[in-house]
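Enquirer: One letter stands for each residue in the lines below.
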Amino acid sequence: MDAPQANGQLPSPTGNIIGSKSSATQLGACDGTPLQTIGISSPVYHVTEEFGDHRKVASFYSPAPCMTPLGLPGVMDAEGRVDESRLRMHIFKNGGVSLSERGQVWRFLFGMYPCSSTSLERPLLQEQLSVRYHAMKMKWHKLLPSTIRMRLNGTDGKICKIFVVLPVKWLLSGTFSLPFIPLSCGGSLAELVAAVQYFDARQERVQQQAEDQSDEVRERLSFLELQAQVLLERVTFDLEELQEAIRIIDKDVPRTDRDLPYYSGEGLGNLLVLRDILITYAAFHPEVSYAQGMNDLCSRFLEVLDSEVDTYWSFSCYMEKFSKDFRADGLHRKIELEAALLKELDPQLHTHLITDNMESFTFCHRWLLLGFQREFEHYDALRLFEILSCDHLELISQKVDRARYQERIARRHSIVCRALWT
Amino acid sequence: MAYAYLFKYIIIGDTGVGKSCLLLQFTDKRFQPVHDLTIGVEFGARMITIDGKQIKLQIWDTAGQESFRSITRSYYRGAAGALLVYDITRRDTFNHLTTWLEDARQHSNSNMVIMLIGNKSDLESRREVKKEEGEAFAREHGLIFMETSAKTASNVEEAFINTAKEIYEKIQEGVFDINNEANGIKIGPQHAATNSTLSGSQGGQQAGGGCC
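Listed in order, the protein sequences are those of chains A and B.
Each step along the first sequence adds one to the number in the UniProt record's numbering, with nothing skipped, and position 212 is 212.
Each step along the second sequence adds one to the number in the UniProt record's numbering, with nothing skipped, and position 127 is 127.
It cannot be assumed that every hint is accurate.
Taking CB as the label site, the calculated pair distances span [stated by the list, open to error]: (1) B:Ser154 with A:Met358: 29 to 39 Å; (2) A:Glu320 with B:Gln106: 33 to 43 Å; (3) A:Asp329 with B:His141: 43 to 53 Å.
Partial list, derived from the structure: chain A residues whose beta carbon lies under 8 Å from chain B [as the list claims (entries may be wrong)]: (4) Arg205; (5) Ser323; (6) Arg374; (7) Phe376.
Read the hints as simulated data drawn from the structure, not as lab findings.
From a predicted model like this one, the values you see are computed outputs, not experimental measurements.
Each residue gets a CB set at the ideal place from its N, CA and C atoms; glycine is no exception.
Only chain A is shown next, with the shape it has when bound in the complex:
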């Protein structure tokens, strides 16, 4: 298995777990189980909904079977491999995909599933990603037990201290007396209790599921767990930094997308899922840690994928490319590019902004960081994010560059040949 990198950052899931068919086969061979049978017996494959029809909080595992074929025409082959350029072209030309397909498409688009993986390999990959994520989460839980529950430092609003510090059992058993509840909780107390209850029940459910596995599955999972632990063994945290990141995450999570149905009412528990994902990301990417705005980005992954594990890995893949946006120099560079582009495309507007003291173009900050998430209506913004993320134009221009390069080489080659022959 891969060793952790020197900076404590973990290798990306796709690059190192199952980057190709051969590595997937190796994984299958690790525990001596033939690859073909794994998909069917995988616990992940069977987990569709953890709460039946009443699931209120994102599942831990993928809620949809990861073998479902993509409905887009000509994108997936018989074994379930995805033609990446066709997928991107489809998204671009059709202005995004339908709501029902979005979750599955994003798992490929952002790289959580390698496009080269087959439908038989993916359940195994899913299993490994789940085990590894769980081990990562347990690592910071163990090192900072006081942060397992959300602590709200006197923030007003619907989620408040109790959400956190006190286990829901106390609330329900009545051992916890009312004066402790800040008045601002008011009418939403029932919602709060329900949210924490769903969240806790979900945690117990995950535990229970793990215990209910067949011996064969349990053996395989414990092997994967061991593997994950070995991998995480050498990762060290700067606890002070991490605690500071958690403090800011706890400040930001309650003010994330609260107007979306997914995060309101009984969906409040999804904010706790979001919190766990952000903390795990910050803990294992100390050079990036947490910066404001990541909550907004991660929140849409969670809403679309509706699974904690898949959101973590998809978000991590996204951040591999865009984490520099969350550093001032990275964003600065992007803003400069934006200004240069505007100067090229609309010199008149560019000149106007400069004469009106807006030459720093800092008003673009949020547009560029969040991909216009706050500038459009929610579902339009989701579509736009999807289209921007498909990089179709960029790929086409790369293709053109490559063709030009090959043309140049060919021309040079023919000149040399001609020179040799004459």
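Start from chain A and add chain B according to the hints.
Expert: Here is chain B on its own, set in the frame of chain A:
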């Protein structure tokens, strides 16, 4: 709307101290306990009246988090006033004032008027920073000081308007070069007109969320 002067303000301070809530209370007269966190910078504007003159406040509300501090610094340039905000229920936000102040002083023009604000004064039971401490800090660093509550609107108008008064006085004293826009002051179209037609009352008219 015609104005005599335009003052550019910035609001700075740690994340979660209530910067955006103060702005919303001042421009829209409402309080929103849970709202999206500020990314980059957001703008607000409102017209006030001082000494019979219409003054437009153009307010830049900045994000408080450390990672974008170097970008926030570029906002200081060309600001005539700054509201430096801390949360009276969180000691750490008070402890960070020195860093914020150093930053502001270093990157702004030397005449910028700074108002120190201890926000969330409605949460008396959770208070961690005494009012006297805020006063002492302000005295020591030559700042104006006020405790406000964006929730109850207590002192919010006063905080913005008193800062404007101080800037206005400095203009009268000739401290600010009002022809240099880098000082955060712009002479408006109304300036040349007589000021006798305007009432002396303060506040009232709103210019919504526009920035210019």
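Enquirer: Does each hint fit the structure? Answer for all of them.
Expert: Checked hints:
1. The hinted window of 29 to 39 Å between serine 154 of chain B and methionine 358 of chain A holds, with their beta carbons roughly 34 Å apart.
2. Taking 33 to 43 Å as the suggested C-beta distance range, the pair glutamate 320 of chain A and glutamine 106 of chain B conforms, at roughly 35 Å.
3. The beta-carbon spacing between aspartate 329 of chain A and histidine 141 of chain B, approximately 30 Å, falls outside the hinted interval of 43 to 53 Å.
4. Among the interface hints, the one on arginine 205 of chain A is violated; its C-beta lies about 29 Å from the nearest C-beta in chain B, farther than the 8 Å criterion.
5. Interface restraint check: serine 323 of chain A against chain B, minimum CB-CB distance 11 Å, threshold 8 Å, status violated.
6. Satisfaction of the interface hint for arginine 374 of chain A is found here, the shortest Cβ-Cβ separation to chain B being roughly 7 Å, below the 8 Å cut-off.
7. Nearest Cβ of chain B to the Cβ of phenylalanine 376 of chain A: about 14 Å, over the 8 Å cut. The hint is violated.
The structure shown violates the earlier hints numbered 3, 4, 5 and 7.
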